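Enquirer: For reference, the chains in residue letters:
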Amino acid sequence: MSRNRKVRCPIHSFIEVQDRECDLLDTPILQRLRYIKQLAMAYLVYPGAVHTRFDHALGVFHVAGRMCEVLGIGDGYKRLIRSAALLHDIGHGPFSHVSEAILEALDQGKRQGNCGGKVSMHEKITQQLILTHEDFNDSLARKDREQIAALLGEGFGDRIHHDILCGPLDADKQDYLLRDSHFCGVRYGVYDIAQLHQTLRSGSDGKETILMIEEDGVHALEQFVLAKYYLTTQVYRHKVRLITDQMLIRAIKLGVEEDHVKSLEELYTYNDDDRFLGNYLSWNDGRLISELLKPENEEKYVGRLFRRLSKRELFKRVFTKRLQEISESVRMKLPERFTEQRDSLEQEIAAALSIIFKSDIDPHHVALTLFSIDSVRTQTKESEAAIMVQKKPVPVSFDEESALFRSIDESSKDEFLECYAPVTYSNTRERDVLLQKVEESVKQILDRFFSSTDMEQEENKGGMNHVEP
Amino acid sequence: MLSRNIVLLTLDAFGGETTGKTLLLKRIFFLGEILGRDFGYRPHYYGPYSDDIASDIIILKNYGLIEAKTHEYGVAGKGGFEVRRFDYRLTEEGRKAVQWLKAQYPEEAKSVEDAARRIREAGEIDYMDLSIAAKAYFILKKNQQTMAPKQIAAEASNFSWQVEIPQIQSAVRFLEMLGMVTTTAPF
Chain A
1 MSRNRKVRCP IHSFIEVQDR ECDLLDTPIL QRLRYIKQLA MAYLVYPGAV
51 HTRFDHALGV FHVAGRMCEV LGIGDGYKRL IRSAALLHDI GHGPFSHVSE
101 AILEALDQGK RQGNCGGKVS MHEKITQQLI LTHEDFNDSL ARKDREQIAA
151 LLGEGFGDRI HHDILCGPLD ADKQDYLLRD SHFCGVRYGV YDIAQLHQTL
201 RSGSDGKETI LMIEEDGVHA LEQFVLAKYY LTTQVYRHKV RLITDQMLIR
251 AIKLGVEEDH VKSLEELYTY NDDDRFLGNY LSWNDGRLIS ELLKPENEEK
301 YVGRLFRRLS KRELFKRVFT KRLQEISESV RMKLPERFTE QRDSLEQEIA
351 AALSIIFKSD IDPHHVALTL FSIDSVRTQT KESEAAIMVQ KKPVPVSFDE
401 ESALFRSIDE SSKDEFLECY APVTYSNTRE RDVLLQKVEE SVKQILDRFF
451 SSTDMEQEEN KGGMNHVEP
Chain B
1001 MLSRNIVLLT LDAFGGETTG KTLLLKRIFF LGEILGRDFG YRPHYYGPYS
1051 DDIASDIIIL KNYGLIEAKT HEYGVAGKGG FEVRRFDYRL TEEGRKAVQW
1101 LKAQYPEEAK SVEDAARRIR EAGEIDYMDL SIAAKAYFIL KKNQQTMAPK
1151 QIAAEASNFS WQVEIPQIQS AVRFLEMLGM VTTTAPF
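Chains as they are written, first to last, in the numbering used here: chain A, 1 to 469; chain B, 1001 to 1187.
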């Protein structure tokens, strides 16, 4: 009897799951993803953003299968690629990339891989689970596990199989751009997926099969690249979303480093063993929220901060600057020393904020963050440029073929320094006056830290800020 | 040390300028191998390539620490090499930054200088030969076994890299001088 299922999906309509894929879908490891939100607490900005990793996994599974059909991939590989797509995110922890950031901050070890050069922590855990977890004993043979893990890692078979799962035009991006746009209620991530699929081709370079697009697909690909850029700038890097992520990360890190909450220490101290994995899999967003709101944590850093977050009493952005707008020596030295100097900088800024806002600001509640956004041209150069457009007599790269992307200046990559803190103001005029003072003060602090010699810097470390309230 | 600062130190170690982006990227590829640092190189249509280092170059240029001059050469040749050449050189600010790095991180700066000297002493080869050497080394490292030039050339085609056996032979001589490979029989 056929065990096919059809699952309703708001993005791709019906998603058909066949035979043993149903077994995979029903494993507790996959079902756990129903309780991990795709975009952490982005619902505090976009109320509709409550979709989960499970929805996304199904979407990637569907898109990967569709790509296999268009590209004429045989049934054997298609089954493996669809399974790999379904399993590609099983290593995510509570609140997805928030857990990732904490695990990586507390464990400096990253490993070499093929997806963008480095393997992230959730990719590492995903690989371990695929290769060893008993949930898959009935649904995947040993050989299947190895081949699926290889597909998500270095690749297996033709390069095109890997490209479908991990590449500039992979099924993952194709799904999350549309899905995140839909659930956030924005239109930035929308592109013509049907046209893109129509023009996908498996081209031969003489020896190997690689993913290419027809000339007719260049405009759909341009739309896809712009969708990725706009969604990054408008959703993933949205000011309030960055603040909620930083507050959550800060709360949990304080829970581990200052409060020594045992359950958090166990969850976020990565170990390459079954005990860690077993515990890790028992956590999801709901359990973590319950843990952080437990009465015994109420007076701890973690409890206080998370309660603020859950009541949407968010930190404010008190400082934002492109590094290019900061003095030359600071912009050169700050990125190099950011990790080691961040605590000291946050202490100094907290002292300055306390004077400016006439209230005690806890340095632990001052979050300084450094991040970058590539220009759309740079993003393209670093990823989609590798996609070859099928042309006679020889294929050319998308970067060369697209008139739109050739015309964009690539040099506008931006690095931002931002600071978030628990401050209040009564109106926008007061806000503008106070934040102007903060800006001057932070610039002074940065200059003292990075423009002076090391000897002067030591002397300056204990110094007060000369800020007029 | 951030990889962008390794780029600055590398430029300095090779006389403060470089002719072509490929040359700079491939020098840093070998530098990473010697220093045991992961700069995110992965197989690209044109050879081992690092998005991270390419991005670093843009940032350094934006911050005025390096300057780029572009030379246009028209259509790509059969091998797919640069049609536009980007020459990079340290600016005055870049030179100050290098001095700061050398003062603050003397050991790391020295290790970059030593690695650069090893690359220079292995042979002053142009960007195309260095690119082929990078491809050959990438393949040898990936396979972790003794390979004949013919096998390396065959494997290269799996990455869509077109290299001829004599080019591999020349590349292997460079890699040998660099102490990164040993040959078991004469070619």
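Treat each hint with caution, since some may be false.
[To be verified] As a list, the in silico EDC-like pairs of lysine to aspartate or glutamate whose alpha-carbon atoms are at most 20 angstroms apart: (1) A:Lys333 with B:Asp1052; (2) B:Lys1061 with A:Asp26; (3) A:Lys333 with B:Glu1107.
[Claimed, not checked] If you want the ones that stay clear, here's a sample from chain A, every Cβ over 12 angstroms from chain B, calculated: (4) Pro10; (5) Thr52; (6) Glu146; (7) Ile210; (8) Arg307; (9) Arg317; (10) Arg337; (11) Ser372.
[What the hints assert, rightly or not] Heads up, incomplete: computed chain A residues facing chain B, CB under 10 angstroms, no partners named: (12) Ala150; (13) Glu154; (14) Lys262; (15) Lys333; (16) Glu336; (17) Asp414; (18) Glu415.
Hints listed in this document are in silico derivations from the structure and should not be mistaken for laboratory results.
No experiment lies behind these values; they were computed from the predicted model shown.
All C-beta atoms, glycine included, are put in the ideal place defined by N, C-alpha and C.
Enquirer: Does each hint fit the structure? Answer for all of them.
Expert: Against the structure, the hints come out as follows:
In summary, the hint linking Lys333 of chain A to Asp1052 of chain B is supported, as the alpha carbons are separated by about 18 angstroms, within the 20 angstroms threshold. Annotation: proposed proximity of Lys1061 of chain B to Asp26 of chain A is violated, straight-line Cα distance about 51 angstroms (limit 20 angstroms). The hinted pair formed by Lys333 of chain A and Glu1107 of chain B meets the criterion: a straight-line CA distance of about 17 angstroms does not exceed 20 angstroms. The beta carbon of Pro10 of chain A sits about 33 angstroms from the closest Cβ of chain B, which is more than 12 angstroms, so the claim that it is off the interface holds.
For Thr52 of chain A, the requirement that its beta carbon stay farther than 12 angstroms from each beta carbon of chain B is met, with the minimum near 30 angstroms. Every Cβ of chain B is farther than 12 angstroms from the Cβ of Glu146 of chain A; the closest lies at roughly 18 angstroms, confirming the non-interface assignment. For Ile210 of chain A, the shortest C-beta to C-beta distance to chain B comes to about 7 angstroms, within the 12 angstroms cut-off, and the non-interface label is violated. Consistency note on Arg307 of chain A: stated as away from chain B, and its beta-carbon is indeed over 12 angstroms from all of that chain's, at 37 angstroms minimum.
Distance check for Arg317 of chain A against chain B: the nearest CB is about 23 angstroms away, which clears 12 angstroms, and the non-interface claim stands. Not every CB of chain B is more than 12 angstroms from the CB of Arg337 of chain A (nearest about 9 angstroms), against its label as outside the interface. The claim that Ser372 of chain A is not at the interface with chain B is violated, since a C-beta of that chain comes within 12 angstroms of its own (minimum 8 angstroms). At a threshold of 10 angstroms, the smallest CB-CB gap from Ala150 of chain A to chain B is about 14 angstroms, leaving the interface hint violated.
Here the hint on Glu154 of chain A is kept, as its CB sits about 9 angstroms from the closest CB of chain B, short of 10 angstroms. The beta carbon of Lys262 of chain A comes no nearer than 34 angstroms to any beta carbon in chain B, farther than 10 angstroms, and the hint placing it at the interface is violated. Nearest Cβ of chain B to the Cβ of Lys333 of chain A: about 7 angstroms, under the 10 angstroms cut. The hint holds. A cut of 10 angstroms between beta carbons decides the hint on Glu336 of chain A: the least distance to chain B is about 5 angstroms, and the hint holds.
A distance limit of 10 angstroms between C-beta atoms decides the matter here; for Asp414 of chain A the minimum to chain B is near 8 angstroms, and the interface restraint holds. Because the closest C-beta pair between Glu415 of chain A and chain B is about 7 angstroms apart, less than 10 angstroms, the hint holds.
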